[in-house]
Amino acid sequence: MELRLRLLLDTHALIWWLVGEEALSHRAREAIADEANSIAVSAASAMEVATEYRIGKLPNAALLARDFEAIIADQGFAELPITVHHARLAGEMRIGHKDPFDRLLIAQAQADDMTLVSNETLFDNFAVNRLW
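Each residue of the sequence shown is one higher than the one before, starting from -3 at the first, in my numbering.
Hints were generated in silico from the structure; no laboratory data involved. All figures in this text were calculated on a predicted structure; none of them were measured in a lab. Some clues are possibly wrong.
[Unchecked claim] Computed list of lysine to any residue pairs in SDA-like fashion (alpha-carbon distance at most 20 Å, straight line): (1) 94 <-> 8; (2) 53 <-> 43; (3) 94 <-> 121; (4) 53 <-> 63; (5) 53 <-> 15; (6) 53 <-> 8; (7) 53 <-> 94; (8) 53 <-> 97; (9) 53 <-> 116; (10) 94 <-> 81; (11) 53 <-> 42; (12) 94 <-> 78; (13) 94 <-> 117; (14) 53 <-> 96; (15) 94 <-> 63; (16) 53 <-> 71.
Make a model of the complete structure from these sequences and hints.
Here is the structure:
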């Protein structure tokens, strides 16, 4: 029996997957490509991409910022909404890490028992499964 993973992509992992960036680890690339795994993208990532594009931090992300939902659907990825439960968990975290997008991703991975696909080793301190 094949192990099925429930993966939540960090924003950089999503972008690197979409553009074929070599910085995406081989292990992450294989896990995302494996059709046995379910892949989710957080609403927090949509907000992060739109925000960073708007302020000039992701100047090449116009298409993704504008057509986020369609691009995610075309990849066969599921949208993961932010629930009140996710938001409360993210807000309650007693961590020095202040990035609200990362806080939400950590909370979602914890609450929904998902493996977070991210190169952020800092996430290892927050009781979340991380694949890289």
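With a cut-off of 20 Å on the C-alpha distance, tell me whether residue 94 and residue 121 pass.
At roughly 14 Å apart (the allowed maximum being 20 Å), residue 121 and residue 94 satisfy the hint.
Between the alpha carbons of residue 53 and residue 71, is the straight-line distance 20 Å or under?
It is violated: about 24 Å lies between the C-alpha atoms, which goes past 20 Å.
Check whether the Cα positions of residue 53 and residue 8 lie no farther apart than 20 Å.
With Cα atoms ~13 Å apart, residue 53 and residue 8 stay inside 20 Å; holds.
Could you grab the alpha-carbon distance between residue 53 and residue 97 and see if it respects the 20 Å cut-off?
Between residue 53 and residue 97 the Cα gap is close to 15 Å, so the pair holds against 20 Å.
Assess, step by step, whether the Cα of residue 94 is no farther than 20 Å from the Cα of residue 63, and give holds or violated.
It is violated: about 28 Å lies between the C-alpha atoms, which goes past 20 Å.
Between residue 53 and residue 15, does the CA-CA distance stay at or below 20 Å?
holds (16 Å)
Proposed proximity, residue 116 with residue 53 (alpha carbon, max 20 Å):
Distance ~19 Å between residue 53 and residue 116 Cα, so the pair holds.
Straight-line Cα separation of residue 94 and residue 8 no greater than 20 Å?
holds (17 Å)
Would the hint linking residue 53 and residue 42 be met if the CA-CA limit is 20 Å?
Holds: residue 53 and residue 42 sit about 14 Å apart, inside 20 Å.
Are residue 94 and residue 81 close enough, with their CA atoms no more than 20 Å apart?
holds (19 Å)
Taking 20 Å as the top limit, are the C-alpha atoms of residue 53 and residue 63 close enough?
holds (18 Å)
For the pair supplied as a hint, residue 94 and residue 78, confirm whether the alpha-carbon distance does not exceed 20 Å.
Status holds; Cα separation ~18 Å.
Checked against the numbered hints above, the structure breaks hints 15, 16 and satisfies the rest.
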